[in-house]
Amino acid sequence: MANTPKGQNEVIFHSIHLPESWKLANYLAVGGYDALKKVLAEKMPPDEIISQLKISALRGRGGAGFPTGLKWSFMPRNYEGDKYLVCNSDEGEPGTFKDRDIILYNPHQLIEGMIIGGYTLGAKVGYNYIHGEIWEAYERFEEALDEARAAGLLGKNILGSGLDFDIHAHHGFGAYVCGEETALLESIEGKKGQPRFKPPFPASFGLYGKPTTINNTETLASIPYIVRHGGQKFLDLGKPNNGGTKIFSVSGHVGKPGNYEVAMGTPFSELLAMAGGVRGGRKLKAVIPGGSSVPVLPAEIMMQLTMDYDSIAQAGSYLGAGSVIVMDDTVCMVRALERLSYFYFEESCGQCTPCREGTGWLYRIIHRIEHGLGRPEDLDLLDSLAGNISGRTICALGDAAAMPVQGMLKHFRHEFEHHIQHKKCMV
Amino acid sequence: MLSPESLKKIDREVAKYPAEHKQSAVMSALRIAQDEKGWLAPETIAFVAHYLDLQPIAAQEVATFYNMYDLKPVGKHKITVCTNLSCTLMGAESAVEYLQRKLGIGFGETTPDGRFTLKEGECMGACGDAPLFQLNNRKICAKLSPETIDAILAGLE
Numbered sequence: 001m002a003n004t005p006k007g008q009n010e011v012i013f014h015s016i017h018l019p020e021s022w023k024l025a026n027y028l029a030v031g032g033y034d035a036l037k038k039v040l041a042e043k044m045p046p047d048e049i050i051s052q053l054k055i056s057a058l059r060g061r062g063g064a065g066f067p068t069g070l071k072w073s074f075m076p077r078n079y080e081g082d083k084y085l086v087c088n089s090d091e092g093e094p095g096t097f098k099d100r101d102i103i104l105y106n107p108h109q110l111i112e113g114m115i116i117g118g119y120t121l122g123a124k125v126g127y128n129y130i131h132g133e134i135w136e137a138y139e140r141f142e143e144a145l146d147e148a149r150a151a152g153l154l155g156k157n158i159l160g161s162g163l164d165f166d167i168h169a170h171h172g173f174g175a176y177v178c179g180e181e182t183a184l185l186e187s188i189e190g191k192k193g194q195p196r197f198k199p200p201f202p203a204s205f206g207l208y209g210k211p212t213t214i215n216n217t218e219t220l221a222s223i224p225y226i227v228r229h230g231g232q233k234f235l236d237l238g239k240p241n242n243g244g245t246k247i248f249s250v251s252g253h254v255g256k257p258g259n260y261e262v263a264m265g266t267p268f269s270e271l272l273a274m275a276g277g278v279r280g281g282r283k284l285k286a287v288i289p290g291g292s293s294v295p296v297l298p299a300e301i302m303m304q305l306t307m308d309y310d311s312i313a314q315a316g317s318y319l320g321a322g323s324v325i326v327m328d329d330t331v332c333m334v335r336a337l338e339r340l341s342y343f344y345f346e347e348s349c350g351q352c353t354p355c356r357e358g359t360g361w362l363y364r365i366i367h368r369i370e371h372g373l374g375r376p377e378d379l380d381l382l383d384s385l386a387g388n389i390s391g392r393t394i395c396a397l398g399d400a401a402a403m404p405v406q407g408m409l410k411h412f413r414h415e416f417e418h419h420i421q422h423k424k425c426m427v
Numbered sequence: 001m002l003s004p005e006s007l008k009k010i011d012r013e014v015a016k017y018p019a020e021h022k023q024s025a026v027m028s029a030l031r032i033a034q035d036e037k038g039w040l041a042p043e044t045i046a047f048v049a050h051y052l053d054l055q056p057i058a059a060q061e062v063a064t065f066y067n068m069y070d071l072k073p074v075g076k077h078k079i080t081v082c083t084n085l086s087c088t089l090m091g092a093e094s095a096v097e098y099l100q101r102k103l104g105i106g107f108g109e110t111t112p113d114g115r116f117t118l119k120e121g122e123c124m125g126a127c128g129d130a131p132l133f134q135l136n137n138r139k140i141c142a143k144l145s146p147e148t149i150d151a152i153l154a155g156l157e
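Protein chains in written order, with the working numbering: chain A, 1 to 427; chain B, 1 to 157.
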């Protein structure tokens, strides 16, 4: 039996093996809310918390990997009026399913992280925007909020400290684009989820036009650990510039699909082994390492990489939200890309012409290649289209549609050529 | 137009937001209205808008933007199957085929007895449990096989 993988379930899933780990009493029994109590008892200066976050090298777990300490430092300190903290639990990118488990199994750690966030940022209210399709998580979170309020951990005068902070859950209703932070704000305001121009950035003009910080669920749920144990211990779990553990959602052709929390920098080969290896002992063909919008990587490259932002970026892809889609040698890459391209076509909000029209073009061209109607010039056309969508839209959904196309054509162009030439699949 | 219970639920949602931003509750209000009525008829959307002091178009925009709202009547049970990549890798196509054969309907259709509507969905954020469908906007039914599908459908009224 191999040794326990480094950092396994250290930060987020430490209590997942316990019965009813989501209950307040059970969270308290494993030291839950100790970080908040420490902050309140020591009246820890917000600057000290932000400085610990910077030391920790915690980077945004929603996909962008932006340093959390830096993001928190953007909030105006002396602003008179309301400020908001928003948690983004709107995970709907194919391959991504970690926030659901965080909310289902450890909701109080997220709540604790959000309260510390409210204290640090000077916000009195926080919202957690929960993906529409995971109603059970929404209900679980509402129950946890009720428990926290009843115990004096949330609401007015938290634990007698004078701190006021409350959290509400906002239920999404089926729109991938709302995972984009400004679309999410529009959605909380009760509108269509169409992204806003930036600047102004949410730190100056966010929810209801007020200064707002938006963080991913896993990011916020990591905060209590950092406050309790110090930024250095969190950093040491991972590697420089890539602190802590990361939850990797492994789906597709593996023996045991699921969420695996391990140290940043864990070799991909180890993660794959934890997830039961390639299903049925088949050969690994390719991996999408960070959710459906990042470029695919062939097996031989992937097996050399470690799972952290810098390693994956050097190989020409992104760690994203740590959403690892594993494909064995039975997969037709044209078919795989056709399905992904349909997704972006379906989910484009329609605001920007390059995305609204371009995602339809991408899908229709890949669809015809898959169905034996591809033309020799189609691959150049796909390259040109993807290039003309990237960077030309308000939000990153356009890039998210273009990158899978670019990745597939870079590494598996021959499969597309074969489809066009022989009107059928080579797999 | 909506029952007192539904209005009470909507009021609870309104209370989550600043008093001058009742519009924030429109997504939940439409969801609650749909739960009661089965689907969102134009007059239901208009009622929700009026209840929240919004122009009808403001609620209409929301109802047409988010894809879990049903703007046409659906069966008693709505089955939304994810066919995105992770689910397809794990056999979503077979699950869809089995469901379509068993129910005798295609995507976007309702059984003649009004019991089931079948829809194709996008990623539910539960890919580790693939293949899967979502039942009535509420429950994710995981790791589908002919046996699990039979058991789930047999357990429904």
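Do not rely on the hints blindly, as some may be mistaken.
Capping the alpha-carbon separation at 27 Å, the derived lysine-lysine pairs in DSS-like fashion look like this [what the hints assert, rightly or not]: (1) A:124 with B:119; (2) A:23 with B:16; (3) A:283 with B:143; (4) A:83 with B:37; (5) B:37 with A:210; (6) B:76 with B:119; (7) B:9 with A:192; (8) A:192 with B:143; (9) B:72 with B:139; (10) B:143 with A:191; (11) B:102 with A:191; (12) B:22 with A:198; (13) B:22 with A:191; (14) B:139 with A:256; (15) B:76 with A:124; (16) A:23 with B:9; (17) B:16 with A:156; (18) A:43 with B:76; (19) B:16 with A:210; (20) B:16 with A:37; (21) A:83 with B:119; (22) A:23 with B:72; (23) A:192 with B:119; (24) A:191 with B:72; (25) A:191 with B:37; (26) B:143 with A:256; (27) A:283 with A:124; (28) B:139 with A:124; (29) B:22 with A:83; (30) A:54 with A:38.
Which chain A residues face chain B? A few, computed with CB under 7 Å, are given here [said to hold, decoys possible]: (31) 174; (32) 325; (33) 340; (34) 391; (35) 392.
No wet-lab data here; the hints were simulated from the structure.
Where a beta carbon is used, it is the ideal one built from N, C-alpha and C, also for glycine.
Against the structure, the hints:
no. : hint             : in the structure
1   : A:124 with B:119 : violated, 41 Å
2   : A:23 with B:16   : holds, 23 Å
3   : A:283 with B:143 : holds, 23 Å
4   : A:83 with B:37   : violated, 37 Å
5   : B:37 with A:210  : violated, 36 Å
6   : B:76 with B:119  : holds, 13 Å
7   : B:9 with A:192   : holds, 22 Å
8   : A:192 with B:143 : violated, 33 Å
9   : B:72 with B:139  : holds, 21 Å
10  : B:143 with A:191 : violated, 35 Å
11  : B:102 with A:191 : violated, 39 Å
12  : B:22 with A:198  : holds, 26 Å
13  : B:22 with A:191  : holds, 12 Å
14  : B:139 with A:256 : holds, 22 Å
15  : B:76 with A:124  : violated, 42 Å
16  : A:23 with B:9    : holds, 24 Å
17  : B:16 with A:156  : holds, 15 Å
18  : A:43 with B:76   : violated, 55 Å
19  : B:16 with A:210  : holds, 17 Å
20  : B:16 with A:37   : holds, 26 Å
21  : A:83 with B:119  : violated, 40 Å
22  : A:23 with B:72   : violated, 39 Å
23  : A:192 with B:119 : holds, 22 Å
24  : A:191 with B:72  : holds, 21 Å
25  : A:191 with B:37  : holds, 22 Å
26  : B:143 with A:256 : holds, 12 Å
27  : A:283 with A:124 : violated, 52 Å
28  : B:139 with A:124 : violated, 33 Å
29  : B:22 with A:83   : holds, 18 Å
30  : A:54 with A:38   : holds, 19 Å
31  : 174              : holds, 4 Å
32  : 325              : holds, 6 Å
33  : 340              : holds, 6 Å
34  : 391              : violated, 25 Å
35  : 392              : violated, 23 Å
This entry does not satisfy hints 1, 4, 5, 8, 10, 11, 15, 18, 21, 22, 27, 28, 34 and 35, going by the numbered hints stated previously.
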